[in-house]
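Could you slot chain B onto chain A? The hints should help.
So the sequences go chain by chain: A and B. Residues in the first sequence are numbered from 1 upward in steps of one, following the numbering used here. Residues in the second sequence are numbered from 1001 upward in steps of one, following the numbering used here.
Please note: incorrect hints may appear among the correct ones.
[To be verified] In silico SDA-like links for lysine to any residue, alpha-carbon gap of 20 Å or less:
1) B:Lys1070 - B:Gly1033
2) B:Lys1111 - B:Tyr1032
3) A:Lys42 - B:Asp1022
4) A:Lys42 - B:Tyr1025
5) A:Lys42 - B:Asn1076
[Unchecked claim] Reference listing, derived: stretches of chain B covered by chain A, where coverage requires no fewer than 3 residues with Cβ under 8 Å from a Cβ of chain A:
6) 1045-1058
7) 1083-1095
These are calculated hints, taken from the structure and not from any lab test. All residues carry an ideal CB built from backbone N, CA and C; glycine is no exception.
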Amino acid sequence: EPEVTQTPSHQVTQMGQEVILRCVPISNHLYFYWYRQILGQKVEFLVSFYNNEISEKSEIFDDQFSVERPDGSNFTLKIRSTKLEDSAMYFCASSRDPSSYEQYFGPGTRLTVT
Amino acid sequence: AQKITQTQPGMFVQEKEAVTLDCTYDTSDQSYGLFWYKQPSSGEMIFLIYQGSYDEQNATEGRYSLNFQKARKSANLVISASQLGDSAMYFCAMREFMDSNYQLIWGAGTKLIIKP
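This is chain A alone, in the form it adopts within the complex (with noise of 0.2 Å):
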């Protein structure tokens, strides 16, 4: 059965420095989006994307937020400067079209921000 994969599943860093999630979504699916799960709270949406440029975005999702498609298969997220209260579990998501209901979820990535 297909999935959406996430790279790295742990990723540490400094803060201040830059990071990159990445994501390769279901191959037949159009939309992609990211969430974040700071530990024991509640999902937030960040950002979704089709068709190559962002369709709607949080307020979470500022200036220091970033997200690519670089090629066919990866969908990226970048945290320019990160902060120590970027530390969360990040969760990239896809559906087949902007229609469709579900979203399959990855495993998520678990950034750690010292």
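Okay, now just chain B, sitting in the frame of chain A:
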């Protein structure tokens, strides 16, 4: 105001019993969808069940069913014949379809522990 409310932070249930996890939602949209996800301790997010606002029948998927009461704006998850492997966090989420809005809005979750 919270769009998704899960009032049970934690629940203990005896194995083989049925369990109901509560979820209420708040939206002014006529077209929306409600989701339940399971998050085991390993951290991944597993889709369980979906209910569309226009669906007349309650959704069912194996041992999972969704008790959808539209007038009360509730979408409770029912797990029948609980198993030890059901121990996990359970999240209710909503998607509002107006304005081409595709993000999922999440509740705070319920930690379910199944006792042998």
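Consistency of the hints with the structure:
A hinted pair counts as satisfied when its Cα atoms are at most 20 Å apart, and Lys1070 (chain B) with Gly1033 (chain B) qualifies at roughly 11 Å. The suggested pairing of Lys1111 (chain B) with Tyr1032 (chain B) is violated, with an alpha-carbon distance near 25 Å, which exceeds 20 Å. Between Lys42 (chain A) and Asp1022 (chain B) the CA atoms are separated by roughly 16 Å; this keeps the pair inside 20 Å, and the hint holds. In summary, the hint linking Lys42 (chain A) to Tyr1025 (chain B) is supported, as the alpha carbons are separated by about 15 Å, within the 20 Å threshold.
Annotation: proposed proximity of Lys42 (chain A) to Asn1076 (chain B) holds, straight-line Cα distance about 18 Å (limit 20 Å). Look at the region 1045-1058 of chain B against chain A: 5 of its residues bring a Cβ nearer than 8 Å to a Cβ of that chain, three or more, so the hint holds. Here the region 1083-1095 of chain B counts 3 residues with a CB under 8 Å from a CB of chain A, which clears the bar of 3, and the coverage holds.
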